[in-house]
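K.L.:
Residue numbers (this note's numbering), protein chains in the order written: chain A, 1 to 358; chain B, 1001 to 1358.
Accuracy of the hints is not assured; some may be wrong.
DMTMM-like cross-link-like pairs, simulated, lysine to aspartate or glutamate; straight-line CA separation at most 25 Å [unchecked claim]: (1) B:1340 to B:1135; (2) B:1239 to B:1190; (3) B:1340 to B:1142; (4) A:340 to A:156; (5) A:239 to B:1304; (6) B:1239 to B:1156; (7) B:1340 to B:1156; (8) B:1340 to B:1190; (9) A:340 to A:142; (10) A:239 to A:156; (11) A:239 to B:1294; (12) A:239 to B:1301; (13) A:239 to B:1291; (14) B:1340 to B:1291; (15) B:1239 to A:304; (16) B:1340 to B:1319; (17) B:1340 to B:1108; (18) A:340 to A:356; (19) A:239 to B:1135; (20) B:1239 to A:356; (21) A:340 to A:286; (22) B:1239 to A:294; (23) B:1340 to B:1141; (24) A:340 to A:108; (25) B:1239 to A:298; (26) A:239 to B:1298; (27) B:1239 to A:319; (28) A:239 to B:1319; (29) A:340 to A:190; (30) B:1239 to A:301; (31) B:1340 to B:1286; (32) A:340 to A:141; (33) B:1239 to A:156.
Please keep in mind that the hints were generated in silico from the structure rather than gathered at the bench.
2 protein chains.
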Amino acid sequence: MAAEDRITTVRWTGDAATGCLRLIDQTRLPTEFVEVECRDVPTVWEAIRSLRVRGAPAIGIAAAYGAVLGARSGGVAGVDDIRRSLRDATQSLRTSRPTAINLFWALDRMDALAASTATGPEIDATALLDRLLAEARRIDDEDRAMCRAIGRHGAELVGPGQGILTHCNAGGLATADYGTALAVVFAAHEQGNPVRVFADETRPLLQGARLTAWELKRRGIPVTLICDSMAAQVMREGKVQMVVVGADRIAANGDTANKIGTYGVALLARAHGIPFYVAAPSSTFDLSIPDGSDIPIELRDPREVTHGFGRQTAPDGVDVYNPAFDVTPAGLIAGIITEKGVIRPVDTPTIRAVLDSP
Amino acid sequence: MAAEDRITTVRWTGDAATGCLRLIDQTRLPTEFVEVECRDVPTVWEAIRSLRVRGAPAIGIAAAYGAVLGARSGGVAGVDDIRRSLRDATQSLRTSRPTAINLFWALDRMDALAASTATGPEIDATALLDRLLAEARRIDDEDRAMCRAIGRHGAELVGPGQGILTHCNAGGLATADYGTALAVVFAAHEQGNPVRVFADETRPLLQGARLTAWELKRRGIPVTLICDSMAAQVMREGKVQMVVVGADRIAANGDTANKIGTYGVALLARAHGIPFYVAAPSSTFDLSIPDGSDIPIELRDPREVTHGFGRQTAPDGVDVYNPAFDVTPAGLIAGIITEKGVIRPVDTPTIRAVLDSP
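Work out the full structure, taking the sequences as your base and the hints as a guide.
P.N.:
Here's what the structure looks like:
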């Protein structure tokens, strides 16, 4: 994939004092390609909450740029004003969604940058704002490098012409470059491996149908769209030799939170003897929690299930259970593909060893 | 459930010569309750193909009444005219959908009735038409008794206050009375057992969301709607102690074709140690085929997946795989609940023994 073909999911235009954040509005894909311009924290918060921007790495990058917008919101008269506004901004953005750890990781970095920057004559307000934007850009750039490294490591796991099943969207739209799970596909394709992807549509919000199928088709990679309920049948028919998905948070033991339905796909892969991989950067690991039971799971609006696409499809007032994520136990995961290499077997010592490597 | 509360999915009104078939248009539920009036075979054929009437037993009943409409379509001048018109009608109706065996079983009965009725002075055309309508009504009445018997046998398998997961709709809308899988729920509820149902929405056509949730809510039975991709999570959380689904065709060894996604649910139930039951009448068994590999699986229009909710939700021209059914191997089925009793274990000798019982 040439650099100019990249999907710029999240981008900052202009300088720190007057520029703005632009996001592809992913709720309107695949039929409309529209950017949202964000000039304040509430607009960024709403974009994250309503999934205009989604995917753990992309949420982190958007939040980092959102913190820059927040930092200048009270004016740039003094360093203390910027620090106070930044703190308010990062506190607000932390409440936008609960599960993806990259959000908190990116905001922690922005807070730490401000805290570590000396005050007094050494720095003025404009310079602090510039440094905040530089830190957000670093998070963005690192994510880009991460995608390429994950693609490189992951492509080695893909056999010639294999069928690869994925769930939700962990592609270019979810990251700064070409994805985590889909980076594996893109890298294999670039190497001339004629892979085919089976994309679960991923109810309720259809990220697989709307985003993954769109990205792959745009790049000329063979993709077959299926309903989530067809994954078992496709596996049984021998069409799939590998499953790879992204992640929203990975506990110290490798238990992985990802889009609802991922745990079921992992069980189905196990039943058919198909290896199930997670692809995620080190920023998605939360080593502060020992296992998946401590990962908070977001419950979302029942109307996503009952009124998903402009039409009511369930009776008035029916009870709905709509968790946005589930946790796949480490024992079902063949390997976690990170920018530092493949964690295999998936256990606490191997995770530590790979993440601590240079 | 009182008889007057029954959902009359399929009903004949009037006499054989001038009456007609009325069907609840299930594609318009739950927001609109509308009946379709059928006065000729093409209208019945279209109603079956487009799922205005669906559910294996209901398709069989609708086809039987459709055969009566066909039999009189060339006029009722002579017995031979009726026989010829009937043959054309049943041949046509056999092409409406391929998987549910009840369709063929009901049409075989109509053909056999005509073949076994003596010709000559003993019978005139009007009398033959009356006998055909009587046979269709018998199929309808037998189905009603079948639902009650399945409910009775199935309710004995349900523990107090259990959570029951079901997929698609095997309720009143799929049968002449109150269903097969849902008969188990209705009968348990009637006995005062405070069961709760988890209804898979059942993509692509959302029979679980539109029909099962509607039927249960209408009857005051607690129901929680979930996306298909949430079944594994609900099982993991201990909310479900039993799975029960309907069937479209059951092979001699117990392999069971049912709505796409059923096989996956059976695997997930196995992984969580939850018993998985099929509820179906003896008319759903096809003892002419040894196992599920011989069951024809209908492939349906990709637009059901890409344009299902009144809005395009996938990129133009994307490849789609849309099988309407899958086959659950007998080994994953704890028991098959029939009107004659529960087949357990599910194997060829036990199936023969239960179906051959009086």
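K.L.:
Taking the numbered hints from earlier one at a time, note which ones the structure violates and give those numbers from smallest to largest.
P.N.:
Result: hints 16, 19, 20 and 33 break, sorted rising.
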